[in-house]
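Heads up: the sequence lines are chains A and B, in that order. Residue numbering for the first sequence follows numbering that gives the first Met the number 0, starting at 0 and increasing by one per position. Residue numbering for the second sequence follows numbering that gives the first Met the number 0, starting at 0 and increasing by one per position.
Since the hints were made in silico from the structure, they are not lab data. Since we're looking at a predicted model, the values are computed, not measured. Each residue gets a CB set at the ideal place from its N, CA and C atoms; glycine is no exception. Incorrect hints may have been included.
Here are some, though not all, of the chain B residues that point toward chain A, as calculated from beta-carbon distances under 8 Å [what the hints assert, rightly or not]:
id : residue
1  : Ala27
2  : Gly30
3  : Arg58
4  : Glu60
5  : Asn75
6  : Ala78
7  : Lys79
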Amino acid sequence: MAGIWMRMKELIRPARLDGELDEEVGLHLQMMEEEFRRRGMSEAEARAAARREFGGVAHAKEAYRDQRGFPWLESFAKDVRYALRGLRRSPGFTAAAVVSLALGIGANTAIFSLFHTLMLRMLPVEHPEQLVAIHRTGGWGTGTVSLPLYRQIAGRADLFNGVLATNGVSKVRFVAAPGGLEEFAQREYVSGNYFQVLGIQPVIGRLFTGEDNRVPGGHPLAVIGYDLWRNRFGEDPALVGRNVIVDEQSLTVIGVAAPGFHGVAPERHTDVWVPLMMSHVGQIMSPNSWWLMPLARLRREVPLQRARAALDVLMQQHLRTIYGRSYDSAMRKKALEQRLEIREGSVGLSMLREHFGKPLGVLLALVALVLLAACINVANLLLARGAARQKEIAMRLSLGATRARLVRQALTETLLIAAAGTAVGIGLAAWGIRAVSGFLPEEAGNPFSSAPDLPVLGFTIAISLASALLFGLGPALRSTAVNPVAGLRSGGLDRAGSPVLRRVLVVAQVAFSVVLVALAGLFGHSLLAMRSVDLGFRNQSVIAFNLDFTNAWKGNLRETHDQLMKALAGVPGIDSVSCSFPWLFWQSVADASVRVPGSERTAAAPADVDIAYVAPRYFETIGTTLKGREFDRNDTASAPKVAVVNEAFVREFLPGEAHPQTRWLSLDDSKREGGERTSIVGVVRDIRQNGIQEEPAPRVYVPIAQSDMKWPPDILLRSSLPPQVVFQIVGNNLKRIVPGIWFNNFATIRERIDDSIFEQRLMATLGEFFGALALLLAAVGLYGVMSYGMAKRAGEIGIRMALGARRADVVGMVLGDALLLVAAGLILGFPLAWAAARAVHSQLFGIAAVDPLAFGATGAVLVAVALGAAFLPARRAASIDPMRALRHE
Amino acid sequence: MSTRETKTDILQGTLDLMVLRTLATMGAQHGFGLAQRIQQISGGVLDLNQGTLYPALLRLEHRGWIRSRWGVSGNNRRAKFYEITAAGRRQVEKESEDWARTVAIMDRFERLTETE
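Bound conformation, chain A alone (with noise of 0.2 Å):
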């Protein structure tokens, strides 16, 4: 210990310790002399003598300063010294080594966390490798099942020790005390099971158990969130007992999970979690109400397959008792295809990874090549400053320096820049995951924790550390493998650099180039296929929102969506206010099942078809053409039932027919030849509702005055206003209206149509921007070795232009090289590029994975890019003076 503290005492004073060693050696020395002239000696001989006895004293200093302090550390320190020196000396070089790391290394940390938390991070709960989530595929929604379902599947305790179930977060209004203010509050309904069979405990209170999930309404109890509590109640244990409002409801706390739970949504963050039978959702308890999601806890004895055939047999028996009669054959069949599937449970219930999974792996992929393409890159810079710095290493090789302390001084030097390059890319990576959340629409949550995550954190470091190694051992153990008097003597051009490895790296870089051009080619040709998409209709500015009802306004939906639509009407600069439910572009859904007298469709059974509530003007208001007539005031609740249907539903029930508009159809569908007559006003065109990829269903179009209204409608404005001005408008209207209610989700359609592609458009963007960024890194491997290839050969370039070359032939020469570099990276990229493409075709929408289109713009690109970064160098060989550059020679 003592000796530590000795050790750190001398690298904090080195000169002081210096002092103090000659002092010593001093006295020492005149200690000598003065013996050695007692014994007869003259001044000058014991002078002498004194130091043959003392032996070198600047060897001995040498020797003692050696040991001083941490030898490694101070000999890494002087290492860490020398290398800034040199760094600071090429600022170019640096920056350029920096930066290319760093786009890679931030790229690589922003898409990693997304990755981490959706796809990687365990739930923090007891055992989570045991958890299997059940999701539901074919038949109607994703992933959900109806509560009685659930029951059926929490009733195997033969499979599993334990299933919970939840429907999910969502926000809604809160009020943290009876009287106090309105805010927002992440809420999830859950089982009653929940925090036993994750194994979360109270930090005070109690947790639900199955008695608190028994009755319909009948249990308005709660449990808090650790960071709610500490955030908005400020820890108070008095909390307990007391009620909060969540959604309207009154509901009694009963206690406060443990802190670092936040649900099992890895996306989300609960705030408040309350019982399943508290649920607004109408219907709970009905068998076609698809709205949990259950979690469950495999028994550790139960196979997999084993458990996987089990749920196919409790499904397939399920169905078959709800649907086993009176639905019409293609619903019965669609119901059946219905499975339970297991997946892994242990990173939790994600709706996002659901839709962002496959795409984030190819990411993933994406980010690891631009990585991968910035290594290469200071790979070559640093081959390129070996070869400029040749001269001084051959100089300190003769001078006696090992090559293995060169390469010790290198790699620092390459540590540096890692260093710094991470540093920077983790700058880039918040401000990279902050770009790609705005692409994330709003009900998506946010999949990034503020903290910065040590699995991340630890990636990161992981990474740089390796890409390091990877660029910086090759050229330190190049550049350091001189032949000290060749080296001198040829003024370090000699095998300066290895132009051969440094070609090799830039035709690598150019691979790489091309993988990530033609996937971006890929993406932003998709997307493009996807915005081309004819949507049945033209006004993606119209501005949609829905009115948040509250259980007191409930009963007076259409007198309140009437009173404040006729406002709008009112106002100056909105041209036209309609409604509509199922929303636009909002992934909602409602059907109907019909007959069509004298069809043959539905001449055995009634057919299922897409149904829509909707205002009159609603056709205009969106901006679509129609055959016949839309709705109008007059098709009130009283008067004749009247429809319009689009192209679709002719095709399919009426082909041929060239008048529909004189049939007829009827949504009473117990009768072969139908019941109540409802006529066919009008045909529209198909009008893609949910989704640019959605194909074209029948759709029957209805007064929205002729439904009975259960759910609110879409409100459609549209209006040459900003939509910020149209928001207010919309608001003091709503205010003066019915106070206290709110209104959501207010977005135009484009901004709907954008949120529903928000993967398309994040892989077209990032697709464009690592392309772009491998391309420039490509362009400057390239223009790296040109101008070097162009220095080395400026003696040749003499001969020619003296033998009578033109400016052009030499240009061409140049250029000509470049190119030959560019071709050999086609070749090796294009096999790859094509690899990728296969293996991203499932995300593309309406292009082949060999796309020509992106192929072909690779190729024309990569060409280009090669031609602009040789063309400084050849402008630069073609005004060489022939006499000159001979002279040199």
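Assemble the complex: chain A is given as a structure, and chain B must be docked to it using the hints.
Then chain B, alone, in the frame of chain A:
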């Protein structure tokens, strides 16, 4: 050159023991004094490069076997004095035993060659 033949190079690692032994018996010494003692005790046959003493002293100090402080030498000059610590004394004991054992072993080999 004649002196060279009679003087012996210091065996690697033995200088530390010599320094510790000297300090253990003679008490605190400055560098020159210590060098003089070592040469005296060796009977003048040791070829000690006195400069090598200082790295050795630093090494011993790092290990906590000796400590140093600035004091005043006999003729009123500032000098750095070295003295042995308790840990140093224990080390001397231990190394002396090791040394004795080594000597005994070597001795047997010597006798072996004699009897041959």
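Now the hints, each set against the structure:
no.: 1; hint: Ala27; verdict: violated, 14 Å
no.: 2; hint: Gly30; verdict: holds, 5 Å
no.: 3; hint: Arg58; verdict: holds, 6 Å
no.: 4; hint: Glu60; verdict: holds, 7 Å
no.: 5; hint: Asn75; verdict: violated, 12 Å
no.: 6; hint: Ala78; verdict: holds, 6 Å
no.: 7; hint: Lys79; verdict: holds, 5 Å
When the structure is compared with the earlier hints, violations turn up for hints 1, 5 and for no others.
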